[in-house]
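Participant: Sequence:
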Amino acid sequence: MIDPITRPTSAPSRVPGPRGFPLLGNLFDLREGLFHEVLLRMHQEHGDLFRLRFPGGRDAYVVRDPEVLRHVLQMNNGNYVKGARMQIAAPLIGNGLFLSEGAFWRRQRRLLQPAFVRPSIALLVDTMVQTVQEMLDRWQIHAGTGQPLNIQDEMMRLAMEVVTRTLFTNSLTPEEVREVGEQFTFLLEVISERGQEIVPISHRLPSRRNRRFRQALERIDRLIYRLIEDRRRSGEYGTDLLGKLLQARDQETGQGMDDRQLRDELVTLFLAGHETTAITLTWALGMLSTHPAVRRRLQAEVDMVLDGRRPTAPDLDRLTYTRAVFSETLRIYPPLPVFMRESVGPDELAGIPIGPGETLLIHVYGVHHHEGYWDNPEGFEPERFLPGGRGPGHRFAYIPFGAGPRQCIGNHFALAEGTLALAMIHQRYVLNLTPGAKLEVDAVGTLRPKGGLWVHIQGR
1 MIDPITRPTS APSRVPGPRG FPLLGNLFDL REGLFHEVLL RMHQEHGDLF
51 RLRFPGGRDA YVVRDPEVLR HVLQMNNGNY VKGARMQIAA PLIGNGLFLS
101 EGAFWRRQRR LLQPAFVRPS IALLVDTMVQ TVQEMLDRWQ IHAGTGQPLN
151 IQDEMMRLAM EVVTRTLFTN SLTPEEVREV GEQFTFLLEV ISERGQEIVP
201 ISHRLPSRRN RRFRQALERI DRLIYRLIED RRRSGEYGTD LLGKLLQARD
251 QETGQGMDDR QLRDELVTLF LAGHETTAIT LTWALGMLST HPAVRRRLQA
301 EVDMVLDGRR PTAPDLDRLT YTRAVFSETL RIYPPLPVFM RESVGPDELA
351 GIPIGPGETL LIHVYGVHHH EGYWDNPEGF EPERFLPGGR GPGHRFAYIP
401 FGAGPRQCIG NHFALAEGTL ALAMIHQRYV LNLTPGAKLE VDAVGTLRPK
451 GGLWVHIQGR
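In terms of my numbering, the sequence shown is residues 1 to 460.
Errors might be hidden in some of the hints.
[Said to hold, decoys possible] Subject to a maximum C-alpha distance of 30 angstroms in a straight line, what follows is the list of computed DSBU-like cross-link-like pairs (lysine-lysine): (1) K244 / K450; (2) K450 / K82; (3) K438 / K450.
It is worth saying that the hints were derived from the structure and are not from the lab.
All chains should be built: construct the whole structure from the sequences, respecting the hints.
Facilitator: What follows is the structure, given as structure tokens:
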């Protein structure tokens, strides 16, 4: 394969892409299906890097070439920032790790990184396991009754409780945990809606929904600032993530985080550790229901490794097939199918000059389904992710957590939680889709199942 970065710059001046209309751009093309699937069809016609025209004259370069992604996300990552468009999320997550840039981002990454290395995640496994166990106990009343259960709601609740307990231990009452989940769900829903707008103006309108948004944000802020104040006053920071962040000090300056920055990082971590993990678990359970051979293999591994007991941190390295199921689900259904970067200065990608201020759409779904880098890209084959398996043909053909220096800091957390949850669920129950249920995508910001996912539960 020709290196798209060093390819001669004799490419035509006209960048490939679908033809659009003056002012309207490719609006009509984009209305022909789900955004990530429309982009996939466009790739098949126009190549791995093409220009997309949005209404109003704004263009974007859509990328799924792994070598271009390596250049953008790693080799020349300093030239590509989150950009002005992503600031739509700033009212919620502030200047947390997700949105911050430059030297400040590097400082924050250094402060947070120790809390998310593998040994630190191992200390949180008992909390994850206990939370999953409580969910499984709740399910007992459904087992064998034929009563359907929306597994997406259950996974959302599970992920919310896991991230709440690992962030704050037992500092919140059950009522506060529910309120936090409800408020964050609503806030993220509004942010996702705003991010889908071609012309982002709804947040400026004096609407009832915007007033509710501000009220929800105020409730979250009061709660988090109270928790921070209580910990600082007591002097007992604890061993949860809040405690670790309170004690974190920059090795170069010796400084920690003030309350505002703690608040921003805690909100960022809550969002990163909540919806995306829940969605992936939901898809994984749906795929296992429709692939009985894969499910039997997972059950056999769980029975052999755990032998009827609860999992512990060392078991994570032994549950290789269970982890592979979670990883393959992330490939087929990446929670964030598209994310954005904006160029700071000029560059060249695949022989195409890129000027300052250009928008790049990193098509995660597209590269995960790229027939040039994956055998049978539409098939559900967890074996790809086993040691020695047929993995991607390029390191940057698999980027569910992003890649490069700005790869999601919580990737080990998510993989541990997903592996443990799948193992414990299949140790105790069999989940089957209800008659007529389908695995359909409803992409509004994140790639979630349409209408939830309804199952019947039986004991093993």
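Participant: Now tell me if each hint is right for this structure.
Facilitator: Quick rundown of the hints versus the structure:
1. K244 / K450: Roughly 38 angstroms between the alpha carbons, so the hint for K244 and K450 is violated.
2. K450 / K82: holds, 28 angstroms
3. K438 / K450: With Cα atoms ~9 angstroms apart, K438 and K450 stay inside 30 angstroms; holds.
Hint 1 from the earlier list is the only one contradicted by this structure; the remaining hints agree with it.
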